[in-house]
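Guided by the hints, dock chain B onto chain A, whose structure is given.
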Amino acid sequence: MQLEYFQLIDRIVAIDLAGRTIRTEARVPLESTIFQGHFPGHPLMPGVLLIEAMAQTAGWLVIAAARFERMPFLAAVKEAKLRTFVTPGQLLSLAAELVHEGSGYAITAASIAVDGKTVCNAEITFKVMEFPSPEFRATMEAWGERLKFPLEARPAGAQQHG
Amino acid sequence: MPSTFDTVASIIAETCDIERDTIKPESHAIDDLGIDSLDFLDIAFAIDKAFAIKLPLERWTQEVNDGKATTEQYFVLKNLCARIDDLVAAKGAVGS
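For the protein sequence lines, the chains are A and B, in the order given. Taken in order, the first sequence gives residues 1 to 162; the numbers are from the working numbering. Taken in order, the second sequence gives residues 1 to 96; the numbers are from the working numbering.
Isolated chain A, as found in the complex (with noise of 0.2 Å):
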């Protein structure tokens, strides 16, 4: 997890495009910059960011099920329940579920789990559309690499390079 680089999730564990659902963790870093205002002396992983590292879990599923065709943007964040401090060096397990996928736009359900207890959940919700470029979908398709997205839930071009 690289908090400065909006980078929240260390790993793809698993996708299941026929369950259509995906697994991730990332471990909260012992130090970062954001702690020393969130909060002084107090660090906990602000709850924005907890979300946010949902929205990535379940857009790397929305990418996936998209077959990297499609880019989610994020829309709506609904339910979000914060249900216990995070703190530095915590281990994070995530999911997503995609709930329904509409034309043009997709629902999710969200959580992360540390040590097998729920700390936090959201319904989120994505505006699909084309790539803006094809640069951004190369650097995207690179990113997922980097996370060990799934060979199979790889565009049949980029099989190849995995």
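By construction, these hints were calculated from the structure, which means they are not laboratory data. One should not assume that every hint holds.
Listed next, with one range per pair, are the computed distances between beta-carbon atoms [to be verified]: (1) B/P25 - A/A14: 46 to 56 Å; (2) B/E14 - A/A18: 25 to 35 Å; (3) A/D115 - B/D32: 50 to 60 Å; (4) B/D32 - A/E97: 28 to 38 Å.
Listed next, the in silico DSS-like pairs over lysine-lysine satisfying Cα-Cα at most 30 Å (straight line) [said to hold, decoys possible]: (5) A/K127 - B/K54; (6) B/K78 - A/K81; (7) A/K127 - B/K91; (8) A/K127 - B/K78.
The structure presented is a predicted model; accordingly, all values stated were derived computationally and were not measured. Idealized CB from N, CA, C, for every residue including glycine.
Coordinates of chain B only, in the frame set by chain A:
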């Protein structure tokens, strides 16, 4: 069994907190009811679920942007309901 319009009007009333009585078949979802594109996603989701269809929002939007259709064709509620009925019928035809 409620009509398509009754179902759609109830969805809009609940999703957008609009008085049910103000929602008429002649109402334009955008111009008259003030529903924006993000709220319409919630409505589309509810309609997709209620009728087990997939409103082709992207195609409609593209047609409007290309000048091939007007927003009235898709977003005046009686027209939207007619499209929904067509989609339900087409789905039934495929399934039969």
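Results for each hint:
1. B/P25 - A/A14: 46 to 56 Å: Since B/P25 and A/A14 have Cβ atoms about 48 Å apart, the given range 46 to 56 Å holds.
2. B/E14 - A/A18: 25 to 35 Å: This hint holds: roughly 32 Å between Cβ atoms.
3. A/D115 - B/D32: 50 to 60 Å: holds, 52 Å
4. B/D32 - A/E97: 28 to 38 Å: holds, 36 Å
5. A/K127 - B/K54: holds, 15 Å
6. B/K78 - A/K81: violated, 38 Å
7. A/K127 - B/K91: Judged against 30 Å, a Cα distance of about 25 Å means the pair holds.
8. A/K127 - B/K78: holds, 26 Å
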